[in-house]
Amino acid sequence: MSQKNDRAKEQILKMSGVNPLKCMRCGKCSGTCPSYDEMEYHPHQFVYMVETGEIDKLMQSPSIYKCLSCFACVDRCPRGVEPAKLVEAVRLTVIRQKGMNHMTADSIPALLDDDLPQQAIVSAMRKYSK
Amino acid sequence: MQVNEYKPLIVAFCCNWCSYAGADLAGNNRLNYPADVKIIRVPCSCRVNPMFILRAFQRGADGVILCGCHPGDCHYTSGNYYTRRRMALLFSMLDYLGIEKERTRVEWVSAAEGAKFAATMNDFVETVAALGENKRLEDLRCKK
Amino acid sequence: MKRIGVFVCHCGTNIAGTVDVKAVAEAMKHEPGVVFSTDYQYMCSQAGQEMIKAAVKEHRLDGIVVCSCSPRMHEATFRKTAAAAGLNSYMVEIANIREQCSWVHKEMPIGTEKAIILAKAAVAKVSLNAPLTPGESPVTKRALVIGGGIAGIQTALDIADAGFPVDIVETKPTIGGKMAQLDKTFPTLDCAACILTPKMVDVAQNEKIRIFSYSEVTDVKGFVGNFDVTIKRKARYVNETLCTGCGACTEKCPMKKVPNEFNLGMDNRHAVYIPFAQAVPKVATIDPNHCLMLKSGKCGLCSKVCGAGAIDYKAKDEFLEERYGAIVVATGFNPISMEKFDEFAYAQSKDVITSLELERLMNAAGPTGGTLLRPSDHQHPHTIVFVQCVGSRCEACAEKGKEYCSKICCMYTAKHAMLIRDKYPDTDVYVFYIDVRTPGKNFDEFYRRAVEEYGVHYIKGMVGKVTPENGVLKVQGSDLIDNRQLHIDADLVVLAAAIEPDKSARPLATMLTASMDTNDFFTEAHPKLRPVESPTAGVFLSGTCQGPKDIPETVSQAGAAASKVIGLLCKDKLLGNPCVAHSDEMMCNGCSTCEKVCPYGAITYEDKEFRMPDRTTKVRRVAKVNEAVCQGCGACTVACMSGAMDLKGFMNKQIMAEVDAICK
Amino acid sequence: MQEVTRDALLNKALELLKNGTVDRVLGYRVGEFSYDVTPAVFENEDALKKDFCWNSFCGANFSKYLISETAKTEKKLLVFLKPCDSYSFNQLLTEHRFDREKVYAVGVPCGGMLSGKDLREKVESVSDVSVNGDKVTVKTLFDGDLEFDFETLLSDRCKNCKSKKHVAYDELLGEDGEVLDSHRFDEVERLEQMTPDERFAFWQGELSRCIRCNACRDVCPACTCEKCVFDNPNSGVQNKAAADSFEEKMFHIIRAFHVAGRCTDCGECSRVCPQHIPLHLLNRKFIKDINSFYGDYQAGAEVGSRAPIVNYTTDDPEPSEAVERGHGNA
Amino acid sequence: MRKISLSKLPELFSAIAKTSALYLPVDTKAGAKFEAWAVGKTLSNALNTVRSAKDFFFPQTENLMDFKVEGKNIELIDTRKECEDFVLFGVRACDVKSFEVLDRVFLAEPQDTYYKNRREHALIISTACNKPQETCFCGTFGIDAAEPSGDIVTYRTDDELFFDAKTEKGKKLLDALSSITEEADEKAVDQQKALIRERLQKLPLKDLKTEGFGSGKTAEFFDDPQWKELSSACLGCGTCTFVCPTCQCYDIKDFDTGHGIKRFRCWDSCMYSDFTKMSAGQPRLTQLERFRQRFMHKLVYYPTNNDGLFSCVGCGRCLAKCPINMNIVKVMKALGGREDA
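Protein chains in written order, with this note's numbering: chain R, 1 to 130; chain Z, 1001 to 1144; chain S, 2001 to 2664; chain G, 3001 to 3330; chain F, 4001 to 4341.
In isolation and in its complexed conformation, chain R is listed as follows (with noise of 0.2 angstroms):
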């Protein structure tokens, strides 16, 4: 029996503005996914357990923090249903809820690359921190 969140998942839904139930199970967003391999949970997945209810689970879950925000999913989904959008909105969950950033600011010298673009930087910021 999964652990069900209502709450959570009308949050969730309010926040991408996805509706799940277009969702026809083709795959071709975990097709298309290049962090496919990096995620414990997958973008079709997303779209499965935040229909039913198994928010907790994605919540924990480091898939959270893998998914590039590349939005190939979302062009290339023929349903229109946006998987990154809920995967982007679960991430925004737990940043809210635990008040926890992925990252700190102090954290991130460490984590510098020479090559990494200022802009991606700043992005990283944003999607991870609060």
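Just to be clear, a hint being listed does not mean it is correct.
[Unchecked claim] Once the Cα atoms are required to be at most 27 angstroms apart in a straight line, the calculated DSSO-like pairs of lysine-lysine come out as:
(1) Lys2618/S with Lys2608/S
(2) Lys4228/F with Lys3227/G
(3) Lys2407/S with Lys2184/S
(4) Lys3018/G with Lys4228/F
[To be verified] Derived Cβ-Cβ restraints for the label pairs, each shown as a range:
(5) Asp6/R with Lys2474/S: 37 to 45 angstroms
(6) Ser107/R with Val3179/G: 53 to 61 angstroms
(7) Thr2371/S with Glu38/R: 37 to 45 angstroms
[Stated by the list, open to error] Quick look at which bits of chain S chain G covers, simulated, 3 or more residues with Cβ under 8 angstroms:
(8) 2587–2601
(9) 2639–2645
(10) 2650–2662
Worth flagging that the hints you see were computed from the coordinates, not collected in a lab.
All C-beta atoms in this analysis are idealised placements derived from N, C-alpha and C, irrespective of residue type, glycine included.
Put chains Z, S, G and F on the given structure of chain R with help from the hints.
For chains Z, S, G and F alone, coordinates are given in the frame of chain R:
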């Protein structure tokens, strides 16, 4: 039967192909609904002119209901779509004039939905009965 | 004032059990206009009908009200009775006191009261009834079939078989359509040409059938029984009657590099060409876009070699006008363009092909002579990936794909996979599917054979990306059941492209005033009751112009459409429904509002000269209803502001009289 | 204040007459007082010079006259169109009600019109009115001269002007304006916010004043029926006078319904009503509903457009839903 | 002659209303209108009501009789009732004159008993016009706004209302009101009359004359070419006829109530295309003919049949209300009757 029990008068316009047949099916299945409902057969719900509806109220009807094929199932392909627009606008106008919106209704009843027909009529009669007599669109001259 | 007779039926106890029929008959005697009223056990019985006839004679009745069961049951019966008694059959109204009264109410007083009211409404209506006569129109006993694919061919053959002349209009130089391009057909795996080409020959040889190939319909006027159709015969620069189809011209033509559309551009043809060996009519056509003589006036080789003297560079488009009683639309389908699906690299790699292209690659008459070779390097592919539902069931990208299921792809992909594995057992075949849909006789068995006997790898999932890299197609897709992402190096990727109606359908629908859905498929008059008829009378639908279909379905619909056409052409005259709209010219504004809501295109306008009351004349635009086309829905009557438009049999006055009677 | 002067219009008319572009001119004729101008057809130069008038009281919508005037003769008619007239002009063309070939339309910018009727209710014994810029000077017989801001005297319909842009003309005098954000539905919304009882009381009060003079219908450029159902003894709804309050409602509901999707919101109905019934609020309700149910639609904005009431989509709102939306509840 | 302070008007009205129904002009959002007096209602200052006072004798719709229909039986029911006495307060000179015009139609043999019934039970209290409007031209028809007719004539000064009873009926009412009115002399009234006459001289239409029109002049005007131009803008609505105090045409119709027939009459308008429509159609086929009919009736036909009396009283309502501003003044000026004619 109580002597003074208020009985609303309901005029139901039914399209020949779906709703009139649905009413017939309700009869075939002996599904009861109040005798207050009197059905007028029209070829299609789009035959119903707003003037007929006002006329019914003028002559003493307490509620008017239009029944047609489900959208997409019209025998004439598009008639009920026109009905839907016309009645949406007409009913909104009647409501704007302060006439109780519960007195008018459009319901899609297919030829297979005898039960829906009976249930719709039971519900509509009950709703209109709760409102009482039509005062706002009555013509005093037509009162007995 | 009318002389109305009222006949109240007991229907055994069906009515009499809950309605005091004697009281109803008695009450009706006092209604204005009623001169006779009675009741009887079974009005619909022979005796009951005799009773009505006798009463009509004895009381000189000119209107009849039967209080009985639903008019949907016995209205026709009593109309015949009235006609037999010398009355117009439309002088009958039915008060439905069974289904809508005695059967739904329990108490006698209530049932009786309502029955009286319903009877009064019927009397009120019949008082205003006017005799109606169905309009008659002659039927031209000739049919037009638009489209010469398998649907059109089958329809034409079936109609001709019944003895009626048929014309086929086909835009291509030959009939045959998509089926002629197919290699084998599912689920029997018989060769398409083997079953199609004999039919094409039948068509060519049938005296009742004329083929207007390389032609199109440019105008349609008229209505059921009498359509006046203009057909444009495009100049083919070869005299059809003289050409023997010997092919000498094509051999000598110096323009050899014209992409061959029959093989989907995978090889070339000449500027003068015969699409394929079994083409019907088997005559050459000069492609004006590539012919040197037509473009620059220099060449003329084909003319020199033609022994029959059939080449005519001066030919012009010709227009024919023909009259038909019925029109069958069989305009068919095309696969949608794959250009916009970047993820599958269709535009980047020659080795990403559509299923229809695969058909040609596997066909003995195709560009590779039937050996499966990659288009890029003509090598045998060893790993082949099929992608299902490309552009089908695609709601999000309306500009690329289609929301509907294209229906045929699951089966032809199974066929392809099976044929490849059969012929080239060393090939790995993967099929990415979302669902496998196989409803049809022997269909699922067929699909299972592909998996079980031929070892085709069916993967539940979708391909996300195809990347051409060093002569290999890197296919990345998901396997939802194994929950992993697959990476396959394929030699050939085959896309099951969605199908869409032919582009010629939309303008044709406008000409025919036949309705279409948002996907440009023709709408049937009723999905269950009239599935092969368009709502426009006299226009019938055959094949995929109405929706995705496989060959068995197409052929059966073609036969059904033909039988409907035959049923129509058998008649010498069409009797219309007399309950049609009628416009009072004196009140008509000519505003074109009614025309907009008419689903049948039954309303036209004409400028008419009127003598005004002040003795001047005035030309006014007024609506005219074509009674043969009008189906009597009444949409126009409400759209008409002035009330000029009314519906016979359901006139404004009649319905209002019913309302009044009920609300008394 | 009108941006274009009488002389500009007169000269244009004279020029077009002279060069043969037109044979007749539909314009306003001077009246007894400054405010009682009358639409008139001028057949020649002298008549024009003598009686042609253009001032801030020239509000009547000319479009409807084109039906009868173009039917009379083959001669070409010059018509001056204010922006609001041009919408009616197009709507009539959409309905094939007159021959465009017989009309030469000159667009005239409009700075809003005054209404003689309204003015006379504000001021007693008016002897003369003159407009200077944004001021209006009203001379009276017994109370001396009074001065008003033009805005305050602006007729009701011009206060909610929907467009200063012409949608039809052969030639334009002066500058064209823009489609405006008119707030024209504010009053409708106010009524929608009322309770049904209040709404009923409001309309009962308004409509009970109706004397069935038919001025609203006869002036309406959408009411162009060869024979109106209310004049037709065979229609079953004919009546000459409202003998019961029902008939007032019947007439006005059906009239509004018949012009729904065709009414350009020119405001003539309310302008001419001798009983001050705000009839435009009925028409605007339909316009507002059509906009909100089926997407924005402006009758007359273009020739040949298909009104939403003779159109449909497969996912239109159901009537019950629509009534709720009509309240602004959705 | 009696008078009362304006501040005591409510008392006066309440005293009158005690004995009979009282109607007087009150202000509404749609202009002045005759309404039944009730506590709290105040007299309008407007010169004239939007609708004329003819409604009281010739209402817009009126039930004449009923037929009760049961099956094939028809029973005739006389719906007439004796009218109650009522007082019509504040009627202007023009409207009072209009009653004379109507009387000549409805009280001529055979008398219209419906009209007569109401007329006999009415008491008219008229009011002189302190502040006539630019649209007034009652003088053209010999009406003196300073000296109206009526059972009682009233004059209003800044703070008082003066009463002058002209008939027995009026005297009786005035006597009954003696406890709240006081005796007055003629002086203030004479001053008021002089003021009114002075103001009448300032009216722009004061010189409009009826010369040329009147009894027997049909031939002079019937085929005048100007009718075409005058009528060309006419919309054919009935506004002028419905606000007119002297228009007296009506139609009689039957209304089917579902259980019987109500026979009623209602105002009709010669401007309507279905006016006096018969089986062969409407005798006046064009708007020109209908337009001409209205003005010829006012200025020629009626005087011909009524000793030269014109059936226009110059109230100016049609000038105010016509949607396209065409009216009897413009017609008279165009056809003759100018100052210089």
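Each hint, compared with the structure:
Distance check on the hinted pair: Lys2618/S and Lys2608/S sit about 8 angstroms apart at the alpha-carbon level, within 27 angstroms; holds. Restraint check: the Cα-Cα separation between Lys4228/F and Lys3227/G comes to about 23 angstroms, which is no more than 27 angstroms; the hinted pair holds. Using a Cα cut-off of 27 angstroms, the hinted pair Lys2407/S and Lys2184/S holds, with the two alpha carbons roughly 17 angstroms apart. About 25 angstroms separates the Cα atoms of Lys3018/G and Lys4228/F, which keeps this hinted pair within 27 angstroms; it holds.
Distance hint for Asp6/R and Lys2474/S: a CB-CB separation of about 41 angstroms, consistent with the stated range 37 to 45 angstroms. For Ser107/R and Val3179/G, the hinted distance range of 53 to 61 angstroms is satisfied, since their beta carbons lie about 56 angstroms from each other. The hinted window of 37 to 45 angstroms between Thr2371/S and Glu38/R holds, with their beta carbons roughly 43 angstroms apart. Residues of the stretch 2587–2601 of chain S lying with their CB closer than 8 angstroms to a CB of chain G number 9, which satisfies the three-residue condition for coverage.
By the rule of at least three residues with a Cβ nearer than 8 angstroms to a Cβ of chain G, the coverage given for the stretch 2639–2645 of chain S holds, with 5 such residues. Given a C-beta distance limit of less than 8 angstroms, the hint that chain G covers the stretch 2650–2662 of chain S holds, as 3 residues qualify and 3 suffice.
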